[in-house]
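Each protein sequence line maps, in turn, to chains A and B. Position 28 of the first sequence, counting from 1, maps to 27 under numbering that gives the first Met the number 0, and the rest follow consecutively. Position 206 of the second sequence, counting from 1, maps to 205 under numbering that gives the first Met the number 0, and the rest follow consecutively.
Hints in this document: simulated from the structure, not taken from any laboratory. You can take every hint at face value.
Sample of chain B residues with no beta-carbon within 12 Å of chain A, all distances over it, derived:
1) D84
2) L121
3) H124
4) I127
5) L260
DEER-style ranges, computed between Cβ atoms:
6) B:V214 <-> A:S46: 18 to 26 Å
7) A:R81 <-> B:G267: 46 to 54 Å
8) A:D82 <-> B:E134: 28 to 36 Å
9) B:L260 <-> A:Q1: 21 to 29 Å
10) B:K107 <-> A:N73: 41 to 49 Å
11) A:M0 <-> B:L260: 18 to 26 Å
12) B:G86 <-> A:E27: 46 to 54 Å
We treat Cβ as the ideally placed atom computed from N, Cα and C, and that holds for glycine.
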Amino acid sequence: MQQKSLVLILARDLAEKLASAMFVVDHEGTLVYFNEPAERILGKAFSDVGPLPLAEWPRAVTSQLASEGLTLENLPLFVALRDREPSHREFNITTVDGSPLSIAATAFPLFARTDEFVGAASIFWEVPGADESGSAKGS
Amino acid sequence: MRARIWGCRGSLAAPGPETVRYGGNTSCLEVRPSDGRLIVVDAGTGARNLGIALGDARPERIDILLSHLHLDHIEGLGFFGPVWDSGCEVHIWGPPSPLRSLREDIAKYFSPPLFPVHLDDLPSHLVIHDVPAAEWELGAARIRAQPINHPGPTVGYRIEDEGKTLTYISDHEPALGVDLQTVSPDWVSGYALAYGTDVLLHDAQYTEEEYPQRVGWGHSSISHTVTFALITKARRLIMFHHDPMHSDAQLEAMLLRAKELWGREPDGVVLSYEGMEIDVT
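Full structure from sequences and hints, please.
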């Protein structure tokens, strides 16, 4: 029987209790969970979309990226997944109801053991009075 | 495969007239696979009596599987006769912390002022292993260890022999943050370990009334215990890790509630007790 890594189970537990949006992806990049605050960004409940493979879920996000120079590959969650290093960035998006939103995102890899990479998580929160030029900053 | 319980009390040894029927010694399980090898699961205070029972007939090699290093699971180690026998090879398996080896953590207990003798000064030949991520074999038994939800590095064990399995998950809070009734089973801690097991020994520390005041402590309410057993399709459930504050009478009241929730053959769920023999054939 298949079971998620305990670290992913606990990451989801954290996400369910956070007021900030949080995504959790597994080691293959499949979006295995996002919480209710993340629905504000995606406009969908996780229970409606279910797990989304890496080939599918980024499209839902990239259509709303507004910051100049921001590509899928330098989103913090992708950096954490690809490079297995923490990453932080501020950028602007358009929510599904058309509202502009400046957010900061911090992503970090999840290791169950020092040599066992099980996925990554990213927490997003709104940045009040952020740069209106739309430029992205951070790395 | 057969097993015998030498201690099933949780958290703290609790001897006395109120606990005499189910016992006051903390976690210790003797497992005998079909080849007769001795596997000991956890070394709570029950390990002392196991060591005494082995007497001079102790095998040359003993394997001890530690679920975690909370004191109620290791405090019998120093009083387990075979570790004082220079002719005995004792292999200890358990979860490492992210920063320290299992040996370093066990050595904290085996050192003054907590214990008068250093780990390295024990006469037996000690071999300490971090549990591997993959299954491994101990004679006829195949062992799988998997991390489970409990504070600190903690694993449960699944022991298979001749196609039958015994799963030991003594300290476990599978319901932390999830609704066991509705969540997909692959999001449940311990699910893969316990799935379809013939015998499940599982944490049953709290009543449903007690649990809300103890969320995050790493244990289960009786409702969580039975629900976990049902969703993992365990064939038999043995309630384990009794709260030290629970008397025999209270445990029996919890068993009635468990049978009610179980809803299947009444003998499918039982309370563990010291001296209990488990036939896994």
